[in-house]
Amino acid sequence: MRILVAMSGGVDSSVVAARLLEEGHEVVGATLQLYDSRGAAKKGACCAGQDIRDARAVADRLGFPHYVIDAERRFQDSVIERFADAYAAGETPVPCVACNQGVKFTDLLGLAKEIGADAMATGHYVRRVEGPQGAELHRPVDETRDQSWFLFATTRDQLDFLRFPLGDMPDKAAVRREAERYGLVVAGKPDSQDLCFVSDGSYVDLVERMHPEMAGPGEIVDQSGHVVGAHEGVMRFTVGQSKRLGNAARLHGERQMVVGVEPGRKRVIIGPRAHAFVSSLSVRDVNWLLDPPAEGLVCKVQMRAREEPRTARVVPTHDGATVLLDEPAMPAPGQACVFYQGSRILGGGFIRRTDQQATA
Amino acid sequence: MNDKTDDRAKDFSQPVYLDANATEPLRPQARAAMLEAADLTGNPSSVHHAGRRARAVLEEARNTVAHRLGVAPLNCVFTSGGTEANVLAMHGLGQGRRFLVGRTEHDAVRKGVPDGADRAWLEVDSHGQVRLDLLEAALSAPGAPAFVCLMLANNETGVLHPMAEVARLCRQYGAHLHVDAVQAAGRMAVNVEELGADSLACSGHKMGGPKGAGALLLRGPAPRPLAPVFEGGGQEQGRRGGTQPLPAIAGLAAALCDALDNPRDLAPLRNRLEQAAQATGALVCGAGAPRLGNTASLVLPGRRAQGQLMRLDLDGLCVSAGSACSSGKVAFSHVLEAMGLGEQAGQAIRVSLPWNVREADVERFVQSYARMAAGAGLALAQ
Chain A
1 MRILVAMSGG VDSSVVAARL LEEGHEVVGA TLQLYDSRGA AKKGACCAGQ DIRDARAVAD
61 RLGFPHYVID AERRFQDSVI ERFADAYAAG ETPVPCVACN QGVKFTDLLG LAKEIGADAM
121 ATGHYVRRVE GPQGAELHRP VDETRDQSWF LFATTRDQLD FLRFPLGDMP DKAAVRREAE
181 RYGLVVAGKP DSQDLCFVSD GSYVDLVERM HPEMAGPGEI VDQSGHVVGA HEGVMRFTVG
241 QSKRLGNAAR LHGERQMVVG VEPGRKRVII GPRAHAFVSS LSVRDVNWLL DPPAEGLVCK
301 VQMRAREEPR TARVVPTHDG ATVLLDEPAM PAPGQACVFY QGSRILGGGF IRRTDQQATA
Chain B
361 MNDKTDDRAK DFSQPVYLDA NATEPLRPQA RAAMLEAADL TGNPSSVHHA GRRARAVLEE
421 ARNTVAHRLG VAPLNCVFTS GGTEANVLAM HGLGQGRRFL VGRTEHDAVR KGVPDGADRA
481 WLEVDSHGQV RLDLLEAALS APGAPAFVCL MLANNETGVL HPMAEVARLC RQYGAHLHVD
541 AVQAAGRMAV NVEELGADSL ACSGHKMGGP KGAGALLLRG PAPRPLAPVF EGGGQEQGRR
601 GGTQPLPAIA GLAAALCDAL DNPRDLAPLR NRLEQAAQAT GALVCGAGAP RLGNTASLVL
661 PGRRAQGQLM RLDLDGLCVS AGSACSSGKV AFSHVLEAMG LGEQAGQAIR VSLPWNVREA
721 DVERFVQSYA RMAAGAGLAL AQ
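Residue numbers (my numbering), protein chains in the order written: chain A, 1 to 360; chain B, 361 to 742.
Quick caveat, the hints were computed from the structure, so don't treat them as lab data. Where a beta carbon is used, it is the ideal one built from N, C-alpha and C, also for glycine. Treat the hints with care, since some could be wrong.
Some chain B residues close to chain A (C-beta under 8 Å, calculated; not the full set) [stated by the list, open to error]:
id, residue
1, Leu494
2, Gln666
3, Leu674
4, Gly676
5, Gly735
Not close to chain B: a few residues of chain A, all C-beta gaps over 10 Å, as computed [stated by the list, open to error]:
id, residue
6, Arg2
7, Asp70
8, Glu81
9, Leu111
10, Glu114
11, Ala173
12, Ala174
13, Gly188
14, Ser224
15, Ser242
16, Glu327
17, Thr354
Each pair of labels, with its calculated beta carbon distance range [as the list claims (entries may be wrong)]:
id, chain 1, residue 1, chain 2, residue 2, range
18, B, Val589, A, Asp285, 29 to 35 Å
19, B, Glu719, A, Gly183, 42 to 48 Å
20, A, Gly183, B, Gly580, 56 to 62 Å
21, A, Val129, B, Gly735, 27 to 33 Å
22, B, Ala730, A, Ala89, 47 to 53 Å
Let's have the full structure, built from the sequences with the hints guiding it.
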C-alpha cells in the first residue's frame with residue numbers, strides 16, 4: 001500500500017520509513033516545517049532546519065519521495081498561541097496533544113488522504129491493535145518510551161488510518177540497531193524533546209512575550225484571598241507545586257502547595273497540602289475510543305505525563321465526563337486525564353478548573 | 361516531435377517534465393557549445409594564445425546575445441544568472457532613484473532593492489497586469505526620478521505586462537525602466553530597443569541553456585557605465601568582476617539562437633490542457649490577459665497546492681506551485697494574492713511546457729489531473 005510517513009528527521013520515524021519500505025510498501029515521506037528554520041531553533045528539538053535536511057537525506061538514501069509541508073501558520077495558531085492562552089487562563093497545557101491532534105493527525109493525515117495514501121505512519125511509541133470493535137490504542141512494549149498519554153485525543157477515524165510500527169520495539173537500542181542496519185545517518189542522533197518550539201529551554205519567556213500582562217511579580221494568597229507572600233511571576237507556578245513559595249511554604253504549621261493560579265490578577269493561590277486533594281474532577285473535550293456505557297466504567301486514570309495510573313470511575317456527561325477517584329489526587333487544570341484499561345486507552349479529556357482553584 | 365515513434369510517452373515509469381519555468385531541458389545545441397567551450401583551457405582575460413582563444417568564444421557569445429536581444433555588444437554584461445542580472449541593474453543603475461516595483465515580480469527583484477532605498481509597490485489588476493493609472497500616479501509623484509522594475513512575462517502565470525505603454529510612461533517621466541525578461545527571453549520576441557527598456561535581465565537555463573550564466577543588457581551607447589556589485593579583476597568592462605564561466609555563457613548563446621531560430625508555438629497544447637482542466641472544475645489564472653504560450657496557472661478550488669503537487673509528482677508529473685522555496689516547502693503565491701485570488705492563491709499549481717514537450721506528455725497530465733480532481737480529499741484545515 002501507499003503509506004505516508006510523518007518524518008521528523010529523527011531516528012524513530014526514519015526507521016519507520018525504512019521498515020515499511022523493506023516490507024514492500026510504497027513509502028512517501030513528509031516533514032512538517034513548524035517554524036521558520038532560519039530562526040533560533042532549540043538543539044535536539046524536532047523539525048528545525050537540520051531535521052528537514054536529515055529527513056530528506058534518509059529519503060534520498062533509501063530512494064523514496066519526500067516532501068516538506070509548510071505548517072508554520074497552523075502551528076503558530078493551533079499550538080503555540082493556544083499554549084500561551086491556556087497559561088493565561090490559569091491552566092497548565094499539553095501542547096504536544098494539541099499538535100498531534102491538529103497539525104499531525106488532522107492536517108497531515110488529510111494530506112495523506114488527498115494524495116491517495118492508504119495509511120499514515122509515525123514514529124510514536126504506542127501500539128495500534130486490531131480489536132473486535134476496530135482499531136485500539138495501547139501502550140507500547142517499551143514502557144520507558146510510552147507516548148500513549150500524549151495521543152489520547154486521536155479519534156477512532158484517525159486511528160483507523162494510522163500505523164505505529166515502533167510500538168512493538170523492545171527498547172530504543174533496538175531502534176538504533178535497526179537504523180544502523182539500514183545505514184541511516186541519523187542512527188546516533190539524540191532524542192528530540194517535548195516543547196520543540198521553545199528555544200532556550202524555558203517556556204516562561206515565550207508566554208510572557210505573548211501575554212505581557214502576565215509578566216512581573218505578584219501576590220501569593222491563601223484561599224480566602226489573604227496575602228501571605230510574593231512571587232516573581234505566575235508563569236513559574238503550576239497546581240500541585242510546593243517549590244518557590246518562600247516563607248509561605250508552611251503556614252500555621254501546615255505544608256502548603258499551589259492550588260490555583262489567577263494570571264489576570266497575577267495571583268498564586270495556595271492551600272494546605274493536606275486539604276488540597278480532590279476525589280472528583282470534571283474533564284472537557286473528551287475523546288472516547290469505545291462507546292462508553294451511560295453508567296460509566298471503572299478504569300485507571302493518568303493525569304500527568306509521568307505518573308502511576310490510579311483507579312477511578314469515569315461517568316460520561318453532556319459536556320465531557322466526571323472522574324471519581326478512589327483515592328484523592330491533585331489534578332492540574334489543562335492537563336490531560338487519560339482513561340486506561342490495562343495497556344489500552346479507552347479515552348481521555350482535559351482537566352477543568354475546580355472551584356477551590358480560584359479565590360472566593 | 362513524433363509521438364508514434366517515441367515510447368517515452370507510454371512508459372509510465374518515466375517522469376513527464378512540465379516545469380519549464382523552473383528550468384528548461386538542455387537544448388542539444390547548447391550542450392554541444394558547452395562541451396566545446398569546456399575544453400578551452402584559457403582565461404578570457406589572459407593575453408596569451410590560450411586566453412585569446414577563450415576570449416574569442418566569449419566575445420562571439422556576447423555579439424550573438426547582444427545582437428539577438430537588440431543592444432550593442434559591449435552593453436551585454438554576463439552574470440551568473442537572472443537573479444544577479446536583476447540585482448546588478450538595481451544596484452548599479454538605481455542610485456539616487458526611487459524604486460517602483462511590480463507586486464508580482466520574482467523574489468530576485470522584490471528582494472533585490474538596495475537597502476535603504478525608497479521603494480513602493482506597483483499594484484496589478486485581477487488579470488495580473490500592472491495598473492497603468494497607478495503607475496502614472498507613482499511616476500508623477502514628487503521626488504527623485506523613478507527606477508521601475510516590471511517583468512516582461514510572469515513566472516507563475518505567464519501574464520505579460522502592457523510593456524509598450526509602460527515604456528512610454530517611463531520615458532515621459534524620465535524614469536529608468538528595468539525589465540526582468542528571464543521567462544520571456546527565448547520564448548517570445550525580445551528586443552531591448554523596441555521594448556523601450558533601459559535595462560533587461562535574462563537567464564541561460566530558462567532558454568534551454570545551462571544553469572550558471574545570465575546577462576544584463578543595457579540600452580544606449582556602449583559601453584554604458586554601470587557600478588559593479590563586485591569589482592574583482594575588472595571583467596565585463598569593469599562592470600562585473602570574476603572570471604567568466606565560458607561553457608555556461610557559450611551554452612546560453614547557443615540556446616538563445618536555437619530558441620529564436622526554431623520557435624514553437626506551445627499555446628495550442630497549453631490551451632488544450634487548460635480546457636481539459638477547466639472541465640474538471642479548475643480555474644485558469646490570468647486567462648484574461650496576453651500570456652506566454654507555455655504557461656498555465658490552474659486553481660483547483662478547495663485543494664491545497666501542496667497536496668496537488670505531491671499527488672501529481674507521485675503520478676510521475678513534474679509541475680510546481682509558484683516559485684519554489686529553497687527548503688522545498690510550498691509557499692503561498694504572492695503573485696496570485698496580488699491578483700486578488702485570496703485563499704485560492706494557495707490552491708494553484710503551475711504547468712509550464714518545455715520546448716521539447718510532446719502531445720502525449722500533455723495527455724498524461726490531463727488524465728492524472730482529472731483523476732486528482734475527481735479523487736478524495738478536500739481535507740482543508742479549519
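Right, here's what the structure says about each hint:
1. Leu494: violated, 30 Å
2. Gln666: Where the cut-off is 8 Å and the nearest Cβ of chain A is about 6 Å from B/Gln666, the hint holds.
3. Leu674: holds, 6 Å
4. Gly676: violated, 11 Å
5. Gly735: holds, 6 Å
6. Arg2: At about 8 Å from chain B, A/Arg2 fails to clear the 10 Å cut-off, so the statement is violated.
7. Asp70: Check fails; 4 Å does not lie beyond 10 Å.
8. Glu81: holds, 14 Å
9. Leu111: Per Cβ check, A/Leu111 is inside 10 Å of chain B; nearest 5 Å; violated.
10. Glu114: With a cut-off of 10 Å, A/Glu114 comes too close to chain B, as the shortest Cβ separation is near 4 Å.
11. Ala173: A/Ala173 is indeed farther than 10 Å from all Cβ atoms of chain B, at 33 Å.
12. Ala174: At roughly 31 Å from the nearest Cβ of chain B, A/Ala174 sits farther out than 10 Å, so the non-interface label holds.
13. Gly188: holds, 24 Å
14. Ser224: holds, 44 Å
15. Ser242: Check passes; 41 Å lies beyond 10 Å.
16. Glu327: Holds: least Cβ distance 42 Å, greater than 10 Å.
17. Thr354: A/Thr354 clear of chain B: closest Cβ-Cβ about 32 Å, beyond 10 Å.
18. B/Val589 x A/Asp285: 29 to 35 Å: For A/Asp285 against B/Val589, whose Cβ atoms are near 57 Å apart, the range 29 to 35 Å is violated.
19. B/Glu719 x A/Gly183: 42 to 48 Å: At 43 Å between Cβs, range holds.
20. A/Gly183 x B/Gly580: 56 to 62 Å: At 60 Å between Cβs, range holds.
21. A/Val129 x B/Gly735: 27 to 33 Å: Between A/Val129 and B/Gly735, where Cβ atoms are some 30 Å apart, the hint holds.
22. B/Ala730 x A/Ala89: 47 to 53 Å: For A/Ala89 against B/Ala730, whose Cβ atoms are near 49 Å apart, the range 47 to 53 Å holds.
Violation of the numbered hints given earlier is confined to hints 1, 4, 6, 7, 9, 10, 18; the remaining hints are satisfied by the structure.
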